[in-house]
Amino acid sequence: MSFLDKLRETQNRNNSRVCVGLDPDPEKLPVCFKTIQDSLLEFGMRIVDATAKYACIFKPNQAFWAHVGAEDELAELIHYIYDRFGLPVILDAKRGDIGNTARFYAKEAFERYGADACTINAYLGTDTLEPWFGSGNDKAIFVLCHTTNPGAGEFQEQLLEYNRRPLFVELAKAATDRGLVNSQEHPETAITVGLVMAATFPEQLVALHDVIPDATPLLIPGIGKQKGELESTLKNAQRYPFVINSSGAIIHASRGSDFAAVAAQKAKALRDQINEALASLAA
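The numbers in this note's numbering rise by one with no breaks, and the one at position 88 of the sequence shown is 88.
I should point out that these hints are in silico values taken from the structure, not numbers from a laboratory. There could be a bad hint or two in this list.
Taking lysine-lysine and the BS3-like style, the derived pairs with C-alpha atoms no more than 27 Å apart in a straight line are [stated by the list, open to error]:
| hint | residue 1 | residue 2 |
| --- | --- | --- |
| 1 | K94 | K107 |
| 2 | K94 | K173 |
| 3 | K6 | K268 |
| 4 | K268 | K173 |
| 5 | K53 | K235 |
With the hints as extra help, turn the sequences into a complete structure.
As structure tokens, then:
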């Protein structure tokens with residue numbers, strides 16, 4: 001099953017566009033957890049158990065696990081998500097390199113961790129994508145396009161002299177064009193190319209409408225603690241197979257013994273809010 005088919009199946013199954021970010025901050029873990037490394041896996045599993053029926057995909061940020069040497073625990077959690085719930089996983093690693101280094105990053109994401117997708121920084125150039133392209137059509141990469149940080153526009157919105165396009169639009173077009181060529185040349189092994197587009201800058205989604213295919217999956221962070229605009233984002237993203245990511249606003253909503261139940265409430269509330277807004281837009 002292709003990555004897009006897998007994503008659509010889980011979106012339909014759970015009636016959800018929610019991506020739950022698994023980014024456990026040791027300083028915000030529930031007080032019932034005494035040690036950091038040993039507690040991350042249990043915390044992650046309990047969050048997954050509580051939120052899986054309201055999500056279509058999960059996205060662990062590798063840095064939140066690797067900084068305490070919990071890479072094996074992260075791999076175990078990803079396999080747990082598959083075995084228990086059959087939901088896809090995006091490894092949020094923001095890899096950006098070329099040649100053999102990128103090739104081994106791809107092996108790390110898809111073989112060591114067993115993720116379905118990985119976030120990629122392609123501002124080095126589209127040759128950063130090449131080593132990922134033969135990973136299989138059940139895999140995907142999400143290319144950083146317009147990010148959530150306040151300084152994103154410092155470089156990403158700079159206009160190119162030769163065509164007056166913002167840099168992030170040029171990157172979006174180049175990445176999806178290269179992905180399309182690869183899928184035509186190698187249909188059985190071609191990876192899906194998606195984009196990361198921030199909800200904190202929803203108006204920038206409009207700039208993509210004429211340059212990328214409607215089948216391009218979008219990973220949209222910035223809802224929740226980063227105060228992204230949900231309704232404007234949905235209006236501009238609804239033509240694409242998108243997912244809305246929320247991390248800390250869900251998984252760290254409570255530090256009490258009710259943390260999993262509160263996380264479930266937050267995930268359900270976001271799912272329902274998205275669905276109500278989409279229904280209103282369709283009316």
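Hints numbered earlier in the text: which of these fail when held up against the supplied structure? 4
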